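Engineer: The chain contents come next:
2 protein chains.
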Amino acid sequence: MARIALDVMGTDRGPAEMVAGALMAVERGQEVVLVGRRDVVEPELLASGSDLELVHAPEVVEMGDSPAQALRDKPGSSVLTAARLVASGKADALVSAGSTGAAMAAASIVIGRLKGVLRPAIATSIPRPGSPSLLLDSGANLEVRPVHLLQFGIMGSLLAEIVYGMVRPRVALLNIGSEPAKGRDLERSAFRLLEEAPVNFVGNVEGGDITGDTADVFVTDGFTGNVALKTIEAAAGVVVRLVNTSFIDLPPDVSPHVAAPMGELHKVINPERYGGAHLVGTSAGVVICHGSSSRNAILNAIRLATEGVKGGLVERLERGLVGP
Amino acid sequence: MARIALDVMGTDRGPAEMVAGALMAVERGQEVVLVGRRDVVEPELLASGSDLELVHAPEVVEMGDSPAQALRDKPGSSVLTAARLVASGKADALVSAGSTGAAMAAASIVIGRLKGVLRPAIATSIPRPGSPSLLLDSGANLEVRPVHLLQFGIMGSLLAEIVYGMVRPRVALLNIGSEPAKGRDLERSAFRLLEEAPVNFVGNVEGGDITGDTADVFVTDGFTGNVALKTIEAAAGVVVRLVNTSFIDLPPDVSPHVAAPMGELHKVINPERYGGAHLVGTSAGVVICHGSSSRNAILNAIRLATEGVKGGLVERLERGLVGP
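So the sequence lines, in the order shown, correspond to chains V and L. Residue 1 is where the first sequence starts when you use the working numbering, and the numbers rise one by one after that. Residue 1 is where the second sequence starts when you use the working numbering, and the numbers rise one by one after that.
No lab work stands behind these hints, which were simulated from the structure alone. All values reported here derive from a predicted model rather than from experimental measurement. Among the clues, some could well be false.
Just so you know, same-sequence chains aren't split out, so a pair can sit in one copy or run between any two.
Cross-link-like lysine-lysine pairs, in silico, DSBU-like; alpha carbons within 35 angstroms at most [as the list claims (entries may be wrong)]:
(1) Lys74 / Lys182
(2) Lys182 / Lys115
(3) Lys182 / Lys90
(4) Lys74 / Lys90
(5) Lys90 / Lys310
(6) Lys115 / Lys74
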């Protein structure tokens, strides 16, 4: 089995939404242990008649807290407590929708990094027709060196193979043009490193390619990746809202015909489809979710973490990083 | 009148498409002088029966050329020749769809910068319901210092007032979260400078806000801006294609009802709507277009440049930068 430690505190929608997602996951056969303040979480469990295990954590890292300072000042925080459950083997993976910085720091300090990994990275699945693409880093490391981008490419390639069953996933460097000399010093150096790396490197691509089919794994620094990710989600959402608005005034006999294809569309581009993103490079599974995650997103994040554990994601990443 | 020097060389679709855009603009009362190789452009003019003025430029900067080297090695290039027409007062503004780097370099060297401007920036209009937002820099300066972002904010605010008639446009700093401490050292320092600046600074925003309504002018470095811009265009395009595909199998009596709202949607998010982007901070009007611009995009770019000249964009920017 795969036992998921779910940090239920410090999110935008509050612990009730997190508990609801956990209960949905448990109903579907997943194994979850909740981590949070007993006085807040227990009433939710009582109300739902569930006997789901709860590990009490008296403190909460808030979104506005400085991650490093919060971990120092709040040793009893839910995110640190959940990370400790994973580090001690009482759980197999951590899922958090609280402060991303705090979850990353807790993972790095308490769970630790795989041998040779300089910087764990957030690998976000971007929905597109067919299989998704992976964007990393999408927010963990705002400033990086070329060797970090090299490692993101190697880890992303392994992740695409393991999680999505891709064969020789195409790895691309996010840039402002396709020529090798394009970009900042960072991209020019990373280009040369990726050319020599044991991945199927297809060269530089532009922002528009992330939602296209020219590559499967998109490598960039965490600042650019975070902006690109949020931009994609919002731009897709704007168009969907415009389409919906345009169709409000359709005659009643026409609307049903439009509803079905629109439903399909929502399924393809639904940002909750994957629920969360793997933090790759840590010694155990860590899945990071949006602060505003709904119960459905949390359900999918727990599923993502469970599949990672069952598929031996961390062990296979470790072997892949060492090389054959 | 506003006389536009159009560099017709070095684009993806070739000079014929550029000439076609120019002819459409002239038909609509704009004044254009073409700049390019006579042997290539003259047959196009003859075929169309037009007597549009052509200034011969024997050399062409190609997309793959290093901009700095190309300008040194090709003094007779179309982009330099067009910039010289503007610098000498024989034309009022430059429009180019060739190498962005070469157009910027030609503008900086030949046309020059407004007093006090450290780095001209590309200000791209992002379509959204209602008035567009402005993103700058969207590709001119890949690496910047905080003072550059400050100037982008001031120039962007003036541009929004002058071109879109906005009152106290809301200026935001593109970042990975809203708190002042978020981001790289670059954003943290720029935040403090923008707080003190004579603009309506509304703080940090995320990538998703560019297509929303929390601000009007979005300030970032040229690398991030370029990735964000191309990401938005592509993500919107993907959704539109998905919608179109979903609607292929609608019954014939339903399709006409869907066609009208889809047509409206295309109009709102059409990336050719503005055709090009102002390079702000130069001593005369410069409009930069996509290398793949269609004749419609070129028509709109010429219109954008013409409106800039007639509205006194450069003079008003100059006054605004000096302060009251």
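Engineer: Quick check: which numbered hints come out false for this structure?
Structural biologist: Checked against the structure, no hint fails, so every one of them is satisfied.
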